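Enquirer: Read off the chains here:
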Amino acid sequence: MTEAAILARSVHKTYGALTFERRLRRIVSGGSPRAQVHALRGVSFDVPRGEVLGLVGSNGAGKSTLLRLIAGVSKPTNGSIAVHGNVHAVLEIATGLLLDRTGRENIHYMGGLYGATAEELREREPAIVEFAGLGAFIDHPVRAYSSGMRSRLAFSIVTSGEFDVLLIDEALSVGDVGFALRCRQRIRELCRRGATVVLVSHALESIREMCDRVIWLHEGRIGGDGDPDEVVEAYRAVAHEQAQREYARRFALLAKTSRHGSGVDIRRLVGTTAPGAAATHLFRLDEPFVIEASVSSRVMFDRVRAELELLRGDGVLVFRDEQTVSLAEGETALVISLGSMRLGRFTYRARLSLTAPDGAPLALGETAFAVEDHVHAYNSAYYQEVEWSLSA
Amino acid sequence: MVAVGLGAPPRRLARLLRIQLRQELQLRYVGSVAGVYWSVINPLVQVLIYVVLVTFILKARISATSGGKFDYAIFVLAGMSPWLAIQDGLNNSASSLVRHASIVKNVVFPLELLPVTAVVASIAPLLVSLITLGCLLGGSGRSVGASLVTLPLLVVVQLLLTLGFGLFLAIVTAFLRDLQFILPVAFQVVLLFTPILYLAKDVPHPIAQIMRVNPLTYVVEGYREVFYSQGWPSPLGLAYATLFGLLLVGLGLVVFRRLKGYAEALV
Chain A
1 MTEAAILARS VHKTYGALTF ERRLRRIVSG GSPRAQVHAL RGVSFDVPRG
51 EVLGLVGSNG AGKSTLLRLI AGVSKPTNGS IAVHGNVHAV LEIATGLLLD
101 RTGRENIHYM GGLYGATAEE LREREPAIVE FAGLGAFIDH PVRAYSSGMR
151 SRLAFSIVTS GEFDVLLIDE ALSVGDVGFA LRCRQRIREL CRRGATVVLV
201 SHALESIREM CDRVIWLHEG RIGGDGDPDE VVEAYRAVAH EQAQREYARR
251 FALLAKTSRH GSGVDIRRLV GTTAPGAAAT HLFRLDEPFV IEASVSSRVM
301 FDRVRAELEL LRGDGVLVFR DEQTVSLAEG ETALVISLGS MRLGRFTYRA
351 RLSLTAPDGA PLALGETAFA VEDHVHAYNS AYYQEVEWSL SA
Chain B
1001 MVAVGLGAPP RRLARLLRIQ LRQELQLRYV GSVAGVYWSV INPLVQVLIY
1051 VVLVTFILKA RISATSGGKF DYAIFVLAGM SPWLAIQDGL NNSASSLVRH
1101 ASIVKNVVFP LELLPVTAVV ASIAPLLVSL ITLGCLLGGS GRSVGASLVT
1151 LPLLVVVQLL LTLGFGLFLA IVTAFLRDLQ FILPVAFQVV LLFTPILYLA
1201 KDVPHPIAQI MRVNPLTYVV EGYREVFYSQ GWPSPLGLAY ATLFGLLLVG
1251 LGLVVFRRLK GYAEALV
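Just so you know, the protein sequences line up as chains A and B, in that order.
Be aware that the first sequence starts at 1, since it is given in the working numbering, and climbs by one per residue.
Be aware that the second sequence starts at 1001, since it is given in the working numbering, and climbs by one per residue.
By construction, these hints were calculated from the structure, which means they are not laboratory data.
Computed from a prediction, not measured in an experiment: that's the story for all the values here.
One or more of the hints may lead you astray.
Said to hold, decoys possible - Listed next, the in silico DMTMM-like pairs over lysine to aspartate or glutamate satisfying Cα-Cα at most 20 Å (straight line):
#1 B:Lys1105 to A:Glu170
#2 A:Lys75 to B:Glu1024
#3 A:Lys256 to A:Glu307
#4 B:Lys1201 to B:Asp1178
#5 B:Lys1105 to A:Glu92
#6 A:Lys256 to A:Glu92
#7 A:Lys75 to B:Glu1112
#8 B:Lys1105 to B:Glu1024
#9 A:Lys256 to A:Glu309
#10 B:Lys1105 to B:Glu1264
#11 A:Lys75 to A:Asp46
#12 A:Lys256 to A:Glu170
Could you put together the complete structure from these sequences and hints?
Expert: As structure tokens, then:
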């Protein structure tokens, strides 16, 4: 049967963004214009039965709001959302667990809230306990649980019942590796049974691996909908660009150049992916990595020692290389090609210092850049093929 | 399961109510030594102070008391019992949505059940008050008459009124947290306009008129008839209070449902 389990038609959701005081004033005075946050601005899609749908997007894109609407916990401001069948949802970590009760008591309480009878729960209890894998903790109050344990319990309870649609918000990313694996297995089992699953996660790799389809929410609208690989890639590209802009703003403050009254001046120092290209503040792994400088000098300078250092954000020197260069009168462009980006996810400073043959400091320049989150990381920055080139 | 409004099967609603009620009572009373007594000990001490003040210091006589040792104490406690339970129910329904934020935010749940649970749970303090009252009656050698059979009816009317106000308080508190601070003051004012510490006919005219409109008056007077005067509650008064309660619950449900979709973002 390939009917739609979830039907969303131009769903809008706005939240009143009034502070308490303004809300009160509005009630008293009877109507100042209402400040609103548009969480969703017209979202439409169908989810066929048995599909695993992933929702991705940056913080505040409307993913959780959409999940709440599907769950029926909140109502759309405009448009409609229809769900066929029972919905079970893990919307927040440790959804509705009673802290003072034991894990076992919570199985009965939460299970009851989700509509199971006492009998059914007695029957299901051993399986839930086993899946949660909390050992003796199951008879301890939930208050004593770590957040990972709480989410394991909540996930076990919520996925144990009879339902047609399962909604999971970031719950997979809290458990440990072993539990995450079991969660995936459980979700696959559920799908075979015909359940529809909607996952929200920032763990793009697991989304890509688990989902049949991905919807990317971008500022309350659908930015992409379809094949997981394509949509995740499209989202990544935009997210990268956004992060790039953000880093550029942040790093603008860190960049500095200093002269030592020597007549030599590092006018520009940037990290980039190709000589002459725009400055890059956020590198991807394996991207070409080039440091570009423009040095001006009042006189011709021979045998200047140029030293490049890469310092990690915490001050650790991760790379150092030097070269003797000669500066022409006027502008000299200095390009240092470092091959491909091999640095781990962190922020870095690149420092270029120029020293006269007699050891007197001539000029110093610094720029900052970051390397994006990536799955496989090289353990160290090890550049063998550094290439310095000069052009007047 | 998607839309478990009050349109859900009654058996399901009853089950959810039972689960919530058990949870609410356990939460409030298990784990503290005197349990449910705490919700009445403070008010009982207050009753004691009124009794000492009126009978021993002011040496005043309520026109209805005949001068027995515990007369005024029984008189006050008979009227105070439903009032204490009503206060308890209103306090807890006012905070019900906020207290159960995790349910409001995460579980598809008929939210109306939260204030309903709070109101039904107010039977616990009522029982404690009535047991105390029973001891006092036994100690003074008084007895109750056949009108005791009307007690269940009185309780039902009382719960209906509590729920009517409770629904409003529950949903409004989600939007306006100030209400929890206004409530204790409001209770004091209502106490003034309800014949609990004195008889309606003993108070000045304007206050007495407000008392006649106040539906709580008939519940309180009903309790007093049963436990103090051994007479029968006024049928007309109870009919008025019932009607008032039904209207209030109906209106409360309408308002509650209109606003509950927004509560999720506020609690």
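Enquirer: Each hint: holds or not?
Expert: Each hint tested on the structure:
Restraint check for B:Lys1105 and A:Glu170: satisfied, since their Cα atoms lie roughly 16 Å apart, inside the 20 Å limit. For the given pair, A:Lys75 sits about 27 Å from B:Glu1024 by alpha-carbon distance, which is inconsistent with the 20 Å threshold. For the hint pairing A:Lys256 with A:Glu307, the CA-to-CA distance comes to about 16 Å; that is within 20 Å, so the pair holds. Taking the CA atoms of B:Lys1201 and B:Asp1178, the gap is about 35 Å. The hint is violated against a cut of 20 Å.
The hinted pair formed by B:Lys1105 and A:Glu92 meets the criterion: a straight-line CA distance of about 9 Å does not exceed 20 Å. With a C-alpha separation of about 44 Å, the suggested pair A:Lys256 and A:Glu92 falls outside the 20 Å cut-off, and the hint is violated. About 16 Å separates the Cα atoms of A:Lys75 and B:Glu1112, which keeps this hinted pair within 20 Å; it holds. Restraint check for B:Lys1105 and B:Glu1024: the C-alpha separation of about 18 Å stays at or below 20 Å, so the hint holds.
Distance hint between A:Lys256 and A:Glu309 is fulfilled; the C-alpha atoms sit about 15 Å from each other, no more than 20 Å. Annotation: proposed proximity of B:Lys1105 to B:Glu1264 holds, straight-line Cα distance about 5 Å (limit 20 Å). For the suggested pair A:Lys75 and A:Asp46, the alpha carbons sit about 18 Å apart, so the restraint of at most 20 Å is met. Between A:Lys256 and A:Glu170, the direct Cα distance comes to roughly 40 Å. Violation of the 20 Å bound is thereby established for this hinted pair.
Figure legend: structure checked against the earlier numbered hints; hints not met, in rising order: 2, 4, 6 and 12.
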